[in-house]
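**Student:** Letter by letter, the chains look like this.
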Amino acid sequence: MNLLAATTSGNAVGQLAAAAVLGALAIFSLLPKPKGRSIAFGVFAAIASAVVLVSWTLRQFGDPAKGTVEQILFWLFAGGACFFATVFVTQRNPARGAIAFAFVIVSVCGLFLLLAAPFLMAATIVIYAGAIIVTFLFVLMLSQSSGSSDENDRSREPMLGSLAGFAFLGLVLFALYLGSPTAAADAGQPTLPLPARPLTAEDRAALLALGEQLREAATAKTKDELHEKTRGLRDAFADRLGFPLATVEDKTLGADRSIPERLSLLVDPNSVSIRKNAEELRTQARATFDAVENLSVKPTATAEELAAATKELAALRESTVLLAARGELPARNVASLGYALYTDYLLAVELAGTILLVATIGAVVIAGRKGAPA
Amino acid sequence: MISVWHYLAVAAVLFALGLVGFLTRRNLITMFLSAELMLQGVVINLLAFSRFHANLSGQSFALFVVAVAACEAGLAMALFIALYRRSKSLDATVWQSLRETGVPATIDPERLPASLPELADDPKLPVAGKKPQEAAGV
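Each protein sequence line maps, in turn, to chains A and B.
Here this note's numbering is used: the first residue of the first sequence is -8, the next is one more, and so on.
Here this note's numbering is used: the first residue of the second sequence is 24, the next is one more, and so on.
A couple of the hints might just be wrong.
Per the computed footprint, the stretches of chain A lying under chain B, defined by three or more beta-carbons under 8 Å from a beta-carbon of chain B, are [to be verified]: (1) 28 to 37; (2) 201 to 210; (3) 213 to 222.
Below are the DSS-like pairs computed for lysine-lysine, each with C-alpha atoms no more than 30 Å apart in a straight line [what the hints assert, rightly or not]: (4) Lys57/A / Lys26/A; (5) Lys24/A / Lys111/B; (6) Lys111/B / Lys26/A; (7) Lys302/A / Lys289/A; (8) Lys111/B / Lys302/A.
Reference excerpt, derived from the structure (chain B facing chain A, CB under 10 Å, subset only) [claimed, not checked]: (9) Phe38; (10) Arg74; (11) Leu79; (12) Val89; (13) Ala99; (14) Ala101; (15) Tyr107; (16) Leu113; (17) Ser120; (18) Leu121; (19) Thr124; (20) Gly125; (21) Val126; (22) Ala128; (23) Asp131; (24) Glu133.
Because the hints were derived from the structure by calculation, they are not lab data.
The beta-carbon is built from N, C-alpha and C at its ideal position, and this holds for glycine as well.
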């Protein structure tokens, strides 16, 4: 097998198969066996498999993030998780395996932080630190440390097991490849199987800039100043939200289309609700700018009328910023997660608590000595 | 804008490694930790989609996965104690009499090495109570 040719040519499936076969070979030769365990060959095959897999990922999916720091952090945590997981699976000594698993958990928690889940990161660290210490105690208590033993120095069907695992990995990655933008572009299809994000980063930046201009306009003291400051705003809102609603003829909507037009193609509930918000904002913006223009063509404007107009502008700014926030996770992770848990998932929370209670009782019953006082 | 694909790929690798560990290892505790490794892969998937779709459903689901994993850990440890009391071993193959009818039994034809190589490499200490020169026969 010409490995370098596989990594540089355009054959995505062949490269994926090479990575899976190399990975299966690596794990097979690293797994504990009485005979035929070759650590040097296993490490070599594992490194080769990782190189092929990383080059495949980079070519199919591109860079993992935009910033250099995020890319470094992603590769650090992802590589750490995969490396320590390999060490854990192939480690003969269960105590060392538990330590490797702890490092897997730490790396995975780094990935959680990159995925904007700080509460789950902290919870996982706390829970798994406790769980791993308990596991460690169990290993020390139950596993005899002297000499070799059946459970640590033998594997059950190492060849078939690693082949099954890596065939699974290859199929999952192949399915990912089929759904990725690269494969869609190769096949000449413009649409993506994965639903696009309703609001792009450009949308959010544009909406936030509009909100800033609206805040500026709401501070106007006279009607001429108000007219001056809201001059270009109506057109900017019209571009972003589509005041004259264009007919959606072609299904290839680019980034130059307005937010409701692009969302009209998406049918998932989140996009539908964001589209409803955008249309409400469009109505509100039209009414507000009509009121402001009526005020500016009047010969004289009273202080009350001016105050009403600036108040409407402030309300419009609030709606704009709220729409911009629909494209990202909320910044207050713990508060929002608690709100979601105790409104949308209240029954599930109660059931989880019940399962924990039942599991506790079950553990006490199973582990308790028969006939001995608990 | 995050790329959801990279996180899915890492999660798939972790899940596959956990699967291999669960299928091939025979120590009950290692098998249990391999199952936890698979759960971590699934949780990464959930969080990646949660970030991608900008709602908290994935994170809530991940919390329930962690809760169920905690239940699993408690019950698994209790079962390990009960099994260890009967067989004095953590080997899963000891319990192969519970297997399905018609499935051949696992037999280990190869003998285990007498001692671990890492123990054989350990330094030899002189017998306590004697001078080192006497113990070495100098």
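**Student:** Work down the list of hints and note, for each, if the structure agrees.
**Tutor:** Hints and how they fare:
Counting residues of the region 28 to 37 of chain A whose beta carbon lies closer than 8 Å to any beta carbon of chain B gives 0, which falls short of the minimum of three for the stated coverage. A stretch counts as covered by a chain when three or more of its residues have a beta carbon under 8 Å from one of that chain; for the region 201 to 210 of chain A and chain B the count is 0, and the coverage is violated. Only when three residues or more bring their CB closer than 8 Å to a CB of chain B does the claim for the region 213 to 222 of chain A stand; here the count is 0, and the claim is violated. The straight-line distance between the Cα atoms of Lys57/A and Lys26/A is roughly 48 Å, outside the 30 Å bound, and the hint therefore fails.
For a cut-off of 30 Å, the pair hint linking Lys24/A to Lys111/B stands: about 22 Å separates their Cα positions. For a cut-off of 30 Å, the pair hint linking Lys111/B to Lys26/A stands: about 26 Å separates their Cα positions. Straight-line distance between C-alpha atoms of Lys302/A and Lys289/A comes to about 18 Å, which keeps the hinted pair within the 30 Å bound. For a cut-off of 30 Å, the pair hint linking Lys111/B to Lys302/A is broken: about 77 Å separates their Cα positions.
Annotation: interface hint on Phe38/B holds; nearest CB of chain A at approximately 8 Å, less than 10 Å. For Arg74/B, the shortest C-beta to C-beta distance to chain A is roughly 5 Å, which falls under 10 Å, so the interface hint holds. Here the hint on Leu79/B is kept, as its CB sits about 4 Å from the closest CB of chain A, short of 10 Å. Given the 10 Å rule on beta carbons, the hint for Val89/B holds: about 6 Å separates it from the nearest Cβ of chain A.
Interface hint status for Ala99/B: upheld, as the beta-carbon distance to the closest one in chain A is roughly 9 Å, under 10 Å. Given the 10 Å rule on beta carbons, the hint for Ala101/B holds: about 4 Å separates it from the nearest Cβ of chain A. Annotation: Tyr107/B was flagged as interfacial toward chain A, and the flag holds, the nearest CB pair being 5 Å apart, inside 10 Å. About 5 Å separates the beta-carbon of Leu113/B from the nearest beta-carbon of chain A, less than 10 Å, and the hint is met.
Hint on Ser120/B is violated. Least Cβ distance to chain A is approximately 15 Å, over the 10 Å limit. Interface hint at Leu121/B: violated, since its Cβ lies 15 Å from the closest Cβ of chain A, which is beyond the 10 Å cut-off. Given the 10 Å rule on beta carbons, the hint for Thr124/B is violated: about 19 Å separates it from the nearest Cβ of chain A. For Gly125/B, the interface hint is violated, since its Cβ never comes within 10 Å of a Cβ in chain A; the closest pair sits about 17 Å apart.
Taken as an interface hint, Val126/B does not check out: its beta carbon lies about 12 Å from the nearest beta carbon of chain A, beyond 10 Å. Given the 10 Å rule on beta carbons, the hint for Ala128/B is violated: about 12 Å separates it from the nearest Cβ of chain A. Annotation: Asp131/B was flagged as interfacial toward chain A, and the flag holds, the nearest CB pair being 6 Å apart, inside 10 Å. Taking 10 Å as the C-beta contact cut-off toward chain A, the hint placing Glu133/B at the interface holds, the least distance being around 4 Å.
Going down the numbered hints, you'll see the structure goes against 1, 2, 3, 4, 8, 17, 18, 19, 20, 21 and 22, while the others check out.
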